[in-house]
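Novice: Each chain, letter by letter, is given below.
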Amino acid sequence: MAHHGQPIPVENPGTLEQNVGQLGLFAMYTGAIGLLIAGLIAVTSNNWERFQFSYLHNFCFVLSISLGALFFILIQHLTRAGWSTVVRRLAEMMTNGIVPLAVLFVPIIFLLLNGSDVLFLWNNKELAATDPLLVHKQIYLNPMWFTVRAVVYFAFWILCSRYYLMTSAKQDITGDPQLSLRMERYSAVSLILFALSITFASVDWIMSLDPRWFSTIIGVYYFANANVAFYATLAIVVYFANSKGLLNGTVNAEHRHDIGKLLFGFNCFWAYIAFSQYLLYWYANIPEETMWYMRRQENGWELVSMILIVGHFAIPFLGMMSRTVKRNPTQLFCWAVYLLIMCWIDLYWLIIPEVSPGTPAPGLIDLGCLVGIGGFFVFGAVKLSEQFTVLAVKDPRLQESLAFHNI
Amino acid sequence: MASISINPGDNTLETPGQRAALVTGSNTYQSVTDKVCLLAEKPRIPPMYFVALGISVIWLIILKFCIIYLLTTGVGVWGNMSPVFWGWPIVNFVFWVGIGHAGTLISAILFLFRQNWRTGINRAAEAMTIFAVVCAGLFPGIHIGRVWFAYWLFPLPNTMLLWPQFRSPLLWDVFAVSTYATVSLLFWYMGMIPDLATFRDRATSRVRQIVYGVLSLGWTGSARNWSRYEKAYLLLAALATPLVLSVHTIVSFDFAVSQLPGWHTTIFPPYFVAGAVFSGFAMVATLLVPARVLCGLEEIITIRHLENMCKIMLATGTIVGYAYAMEFFIAWYGGNPYEQFAFVNRAFGPYWWAYWTMVSCNVISPQFFWIKWCRTTPWFMVIICIFINIGMWFERFVITVTSLSRDFLPSSWGYFKPTMIDVLMLIGSFGLFFTLFLLFCRLLPVVAMAEVKSVMPPHSDEEPERVYNPVH
Numbered sequence: 001m002a003h004h005g006q007p008i009p010v011e012n013p014g015t016l017e018q019n020v021g022q023l024g025l026f027a028m029y030t031g032a033i034g035l036l037i038a039g040l041i042a043v044t045s046n047n048w049e050r051f052q053f054s055y056l057h058n059f060c061f062v063l064s065i066s067l068g069a070l071f072f073i074l075i076q077h078l079t080r081a082g083w084s085t086v087v088r089r090l091a092e093m094m095t096n097g098i099v100p101l102a103v104l105f106v107p108i109i110f111l112l113l114n115g116s117d118v119l120f121l122w123n124n125k126e127l128a129a130t131d132p133l134l135v136h137k138q139i140y141l142n143p144m145w146f147t148v149r150a151v152v153y154f155a156f157w158i159l160c161s162r163y164y165l166m167t168s169a170k171q172d173i174t175g176d177p178q179l180s181l182r183m184e185r186y187s188a189v190s191l192i193l194f195a196l197s198i199t200f201a202s203v204d205w206i207m208s209l210d211p212r213w214f215s216t217i218i219g220v221y222y223f224a225n226a227n228v229a230f231y232a233t234l235a236i237v238v239y240f241a242n243s244k245g246l247l248n249g250t251v252n253a254e255h256r257h258d259i260g261k262l263l264f265g266f267n268c269f270w271a272y273i274a275f276s277q278y279l280l281y282w283y284a285n286i287p288e289e290t291m292w293y294m295r296r297q298e299n300g301w302e303l304v305s306m307i308l309i310v311g312h313f314a315i316p317f318l319g320m321m322s323r324t325v326k327r328n329p330t331q332l333f334c335w336a337v338y339l340l341i342m343c344w345i346d347l348y349w350l351i352i353p354e355v356s357p358g359t360p361a362p363g364l365i366d367l368g369c370l371v372g373i374g375g376f377f378v379f380g381a382v383k384l385s386e387q388f389t390v391l392a393v394k395d396p397r398l399q400e401s402l403a404f405h406n407i
Numbered sequence: 408m409a410s411i412s413i414n415p416g417d418n419t420l421e422t423p424g425q426r427a428a429l430v431t432g433s434n435t436y437q438s439v440t441d442k443v444c445l446l447a448e449k450p451r452i453p454p455m456y457f458v459a460l461g462i463s464v465i466w467l468i469i470l471k472f473c474i475i476y477l478l479t480t481g482v483g484v485w486g487n488m489s490p491v492f493w494g495w496p497i498v499n500f501v502f503w504v505g506i507g508h509a510g511t512l513i514s515a516i517l518f519l520f521r522q523n524w525r526t527g528i529n530r531a532a533e534a535m536t537i538f539a540v541v542c543a544g545l546f547p548g549i550h551i552g553r554v555w556f557a558y559w560l561f562p563l564p565n566t567m568l569l570w571p572q573f574r575s576p577l578l579w580d581v582f583a584v585s586t587y588a589t590v591s592l593l594f595w596y597m598g599m600i601p602d603l604a605t606f607r608d609r610a611t612s613r614v615r616q617i618v619y620g621v622l623s624l625g626w627t628g629s630a631r632n633w634s635r636y637e638k639a640y641l642l643l644a645a646l647a648t649p650l651v652l653s654v655h656t657i658v659s660f661d662f663a664v665s666q667l668p669g670w671h672t673t674i675f676p677p678y679f680v681a682g683a684v685f686s687g688f689a690m691v692a693t694l695l696v697p698a699r700v701l702c703g704l705e706e707i708i709t710i711r712h713l714e715n716m717c718k719i720m721l722a723t724g725t726i727v728g729y730a731y732a733m734e735f736f737i738a739w740y741g742g743n744p745y746e747q748f749a750f751v752n753r754a755f756g757p758y759w760w761a762y763w764t765m766v767s768c769n770v771i772s773p774q775f776f777w778i779k780w781c782r783t784t785p786w787f788m789v790i791i792c793i794f795i796n797i798g799m800w801f802e803r804f805v806i807t808v809t810s811l812s813r814d815f816l817p818s819s820w821g822y823f824k825p826t827m828i829d830v831l832m833l834i835g836s837f838g839l840f841f842t843l844f845l846l847f848c849r850l851l852p853v854v855a856m857a858e859v860k861s862v863m864p865p866h867s868d869e870e871p872e873r874v875y876n877p878v879h
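These protein sequence lines are chains X and E, in that order.
Letter 370 of the first sequence, counting from 1, is numbered 370 in the numbering used here, and no numbers are missing.
Letter 435 of the second sequence, counting from 1, is numbered 842 in the numbering used here, and no numbers are missing.
Simulated from the structure, these hints should not be mistaken for lab results.
The reader is advised that the hints may include incorrect statements.
In silico DSS-like links for lysine-lysine, alpha-carbon gap of 30 Å or less [said to hold, decoys possible]:
id	chain 1	residue 1	chain 2	residue 2
1	E	Lys-718	X	Lys-261
2	X	Lys-394	X	Lys-383
3	E	Lys-718	X	Lys-394
4	E	Lys-824	X	Lys-261
5	X	Lys-244	X	Lys-170
6	X	Lys-261	E	Lys-860
Partial selection, computed: residues in chain X whose CB lies under 7 Å from chain E [unchecked claim]:
id	residue
7	His-136
8	Gln-138
9	Ser-180
10	Ser-215
11	Thr-216
12	Ile-217
13	Tyr-283
14	Ala-284
15	Pro-396
Note that the Cβ used here is the ideal one computed from N, Cα and C, for glycine as well.
Build out the structure end to end from the sequences listed, making use of the hints.
Specialist: Written out as structure tokens, the structure reads:
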């Protein structure tokens, strides 16, 4: 702890390139190989449909990490948070991963515009013309309008995250406190746009997979998941960065403690949202609403549902409650990895039953898509952030963050 | 600990890297104590206080007569009638429970988020919470008709093997609200112990010495006392946090588990919680703006505190707006004609006036808080807050009455009209609320003195130099 008025000296930890060097390219090659293998397996086993769903699943999973990061940045600025300055740059770098993800979304759009109904049943011309519900929704669920919306979401996410990264990087040089005020000013409006974009993105990409089903809470559900995935990723990144001495020891047990608390809190929030949705549909027992859950309660999916209840909520709720767990680097790291896997399973449970009501059977295609999309995400996050330092070295709140301690 | 010097002057401005003062003026620990104790120790109370108390007590008496009339005559004195069997009593219940959310949110959740500014307002907000829950608890109690059987709400073992319906959210409400009331009361009281001890130590009359002496539970202010106190406070905060969410979640279940269009939607739980926080903060601001002037606490409950509350109202009001929009969108998207009818009926049916009152008060009026002038001008803030409270009452009215008055069977449709007793009881419940709050202002520490001192610059009594420790 520093004493009154004496600033804590901090060394410039250098740019990301100086620190992790070739990680970006390595991730890109791994990603390409992953997607290639998944694609090859899909072609040889004639499981093209499964590949597409797996692609979408892993896309939504990886995207949720970046979106969680974007939300984190916005809310830190809006609330003028002091504790988080030492880790905010890491989040800003993670949002760079949205850029390759936008490119990876192009094949989905391409197939859709070419009339494919493999992923989105509502794109089936015959069905869309005869099923009264789909006829009703056609004004919203049609390939053109869907594409426009996707472009708008990605445009906003990329612009917003670039703005925050670039402004913060500018502050690394000038140290101008006015920049913090400007970022704070834009954060409120950005949060509203963020809320709308993540809501409708989850309606489009997750809920409309079953075009007959609906739930008003779906946007909040995906948002909750995105936050858990982000804080887990942040804890993992902090662990590796610290073990490599990347952050010059600026991130300590106090920051880990807060990341752990937020991870724990958002995990409870996820459970609350998931429970709210389930209880209300189970209780009212209206077929058009419960059919979605029915699909997830038979043919082996009931096991996945149980894994989510116990594994995503009950176990971490008890396991992460203690203060020691959140402050100990290794323990927090283990829980973060565990919860990230749970987030992956949660999205698996949301998306995959729409293709294979048969049985949940994660296989090499899923792994390949995860490595593939994850690899490109890491590539974007690292490559596009190479020239920036890993710490917001001249942020006016850096001193507060360095000196921060929990009661 | 890092120390950060304070911006002098306007404490709503904050240069990044510095933290604004939460107590303005040249206050010392001593002057904070003096100011907070003033109203409770003053030999001459301002006449305004008696005027306000008088009006409140009159309405409390009217409420009492209404209840006697209700109990001796029957629930027919209300406007509840087929098809709207849930009329104003349930609307008032949900309204008051919602109001009762700000206090525990401020003392528990804002504590966990290290929002130090909460120290200026948490005591009054917690008190308000408890009084609001008292008002809320009143309505279901008298709503059952035969009030002498009210204890049947609880699952008591009995010779007739008669049990309440455990699958009903109305029973869950009994548990949720009573747990919330208990924990909030404990939290409020426990947080008050050091301040009650201050009252005891300053007491000049024997009666005050004994009463505050008993209430302060032998507090000595020793290091051990404080250590236990802080630990208990943290634990209670952690326990109270899920309760803030659970109460209104379960209240929302009262509606949302049904199959009624307009009630059955999955966003209800978080949407109700956001609405509750919204209305709770509006009520806290409505009370504190005059109270801070009346009690001379402008330097402790500063404009910065009020501005922060406005920001929370803007955020929660916008979340409520989001929920309204999602309900409408999914009603259309879901393609269910009954659901669609329910929403079109709300906006353009016979209750259109109630719906648009709700939307303008809840969604549009808080948008004024985007403007800094609106957030930092107390009288304007109160006007907006009153609108918000009106809007939140209407929200519950719209949800309850529009869906019930026109359900699946057009031949059974009706139009709800409240009776005079309905109106008098609603206003009377405000009488109860304000009476309790005014008594609180006179008898108990309105501001958590000990906590405020913890966010003041250290050694405020000695050093004129302002140095502030942002993490206490």
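Novice: State for each hint whether it applies.
Specialist: Against the structure, the hints come out as follows:
1. E:Lys-718 to X:Lys-261: holds, 24 Å
2. X:Lys-394 to X:Lys-383: Within the cut-off at roughly 23 Å; holds.
3. E:Lys-718 to X:Lys-394: Judged against 30 Å, a Cα distance of about 28 Å means the pair holds.
4. E:Lys-824 to X:Lys-261: violated, 50 Å
5. X:Lys-244 to X:Lys-170: Roughly 26 Å separates the two Cα atoms, so the pair holds.
6. X:Lys-261 to E:Lys-860: This hinted pair holds, its Cα atoms lying about 27 Å apart.
7. His-136: Hint holds; His-136 (chain X) Cβ to chain E Cβ min 5 Å, cut 7 Å.
8. Gln-138: Violated. Min distance 11 Å.
9. Ser-180: Holds, about 4 Å.
10. Ser-215: holds, 5 Å
11. Thr-216: holds, 4 Å
12. Ile-217: holds, 4 Å
13. Tyr-283: Holds, about 4 Å.
14. Ala-284: OK, holds: Ala-284 (chain X) within 7 Å of chain E, min 5 Å.
15. Pro-396: holds, 3 Å
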